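Chemist: Work the whole structure out from these sequences, hints included.
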Amino acid sequence: MSERIPILRIGETLLVSVQFDLEDQMVLNLQEDLAEQIVAKSAQGVIIDISALEIVDSFVGRMLATVAAISRVLDARTVVVGMRPAVAITLVELGLSLGGVDTALDLEKGLAKLREPTSSALR
Amino acid sequence: MTAPWAAGQEPQVYPIARSGDLVHIRQAIRALSQQCRLSLVDQTKMITAASELARNTLIYGGGGEVTAGLVRTGGKQGVTAVFEDSGPGIPDVEQAMTDGWTSGGGLGLGLSGARRLVDDFRLDTAPGEGTTVTITKWVR
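The listed protein sequences derive, respectively, from chains A and B.
Here the first sequence is numbered in my numbering, starting from 69 and rising by one per residue.
Here the second sequence is numbered in my numbering, starting from 35 and rising by one per residue.
Think of the hints as simulated: they come from the structure by calculation, not from any bench.
In this text, all values refer to a predicted model and were calculated from it rather than measured experimentally.
Heads up, the beta-carbon is just placed ideally off N, CA and C, and yes, glycines get one too.
Misleading hints may appear alongside valid ones.
What the hints assert, rightly or not - Per label pair, the in silico range of CB-to-CB distance:
#  : chain 1 : residue 1 : chain 2 : residue 2 : range
1  : B       : 131       : A       : 72        : 31 to 39 Å
2  : B       : 163       : A       : 109       : 48 to 56 Å
3  : A       : 80        : B       : 47        : 44 to 52 Å
4  : B       : 133       : A       : 99        : 20 to 28 Å
5  : A       : 96        : B       : 65        : 23 to 31 Å
6  : A       : 175       : B       : 163       : 46 to 54 Å
7  : A       : 184       : B       : 122       : 43 to 51 Å
8  : B       : 122       : A       : 175       : 41 to 49 Å
9  : B       : 65        : A       : 74        : 27 to 35 Å
10 : B       : 69        : A       : 72        : 30 to 38 Å
11 : B       : 134       : A       : 74        : 31 to 39 Å
Modeler: The following block contains the structure:
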């Protein structure tokens, strides 16, 4: 239950790669750990790589939206990268369009997105 | 049941008693979906719907079980999962099926969203008599 997903730091960016299907408690832990680490490491950006995830249900979807909102409040940006096409189709049909969540097709594009000058209109 | 279980393929029963069980149920539904060769998108939809409904069973039904297996009828093949709990039941089904409505702390997408993801969806419930949700995804 106390298993936690490692959060890596590269410069001012925190990187999380979700490599396996998560229990709900791990999802909640990740949300808390990220909020803590954004402040502790003065991070400007967060990348969450979900390329290994075969499904994203409303619980994980809500976590992604919540992390995006929390990071905004803490003056950082979150980009979710690597969503599989089948996952995107399913999420939208489920009713979760992840409106406030920035996404990129892969890690490289996600990092590039974080380097773009932040415009308050985008956030 | 809406369709007969496939001959020679006994459906399996999985408990839904704690959140860790959801991981096992997703794995079981994935295995069944692959076994009957659902397309990748349909597999993803079926597993996601099952995950939503299993969480409902746990949170709103106080736990229960799911019976899952292959079904076959009139030349069609598919995966069926039956989620059962003996919880408080749903007093207002129409309201519960509305996007965004929740009696708990969720997003209110579980029931309505799961219905959109599958081909057949059946909800049997009454106040005080628990809830049974049956979903099926057919091979196209």
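Chemist: Confirm or reject each hint.
Modeler: Right, here's what the structure says about each hint:
In this structure the hint that residue 131 of chain B and residue 72 of chain A lie 31 to 39 Å apart at CB holds, the actual value being about 36 Å. At about 52 Å, the CB distance of residue 163 of chain B to residue 109 of chain A agrees with the hint of 48 to 56 Å. At about 50 Å, the CB distance of residue 80 of chain A to residue 47 of chain B agrees with the hint of 44 to 52 Å. In this structure, residue 133 of chain B and residue 99 of chain A meet the distance hint of 20 to 28 Å, their C-beta atoms being roughly 24 Å apart.
Against the hinted window of 23 to 31 Å, the Cβ-Cβ separation of residue 96 of chain A and residue 65 of chain B comes to about 27 Å, which satisfies the hint. Between residue 175 of chain A and residue 163 of chain B the CB atoms are about 50 Å apart, so this pair conforms to the stated range of 46 to 54 Å. The beta-carbon spacing between residue 184 of chain A and residue 122 of chain B, approximately 50 Å, falls within the hinted interval of 43 to 51 Å. Roughly 45 Å separates the CB atoms of residue 122 of chain B and residue 175 of chain A, a value that falls within the hinted 41 to 49 Å.
Look at residue 65 of chain B against residue 74 of chain A: about 28 Å separates their beta carbons, and that is inside 27 to 35 Å. A C-beta distance of roughly 33 Å is found between residue 69 of chain B and residue 72 of chain A, which places it inside the suggested range of 30 to 38 Å. In this structure the hint that residue 134 of chain B and residue 74 of chain A lie 31 to 39 Å apart at CB holds, the actual value being about 35 Å.
Hint violations for this structure: none, all hints satisfied.
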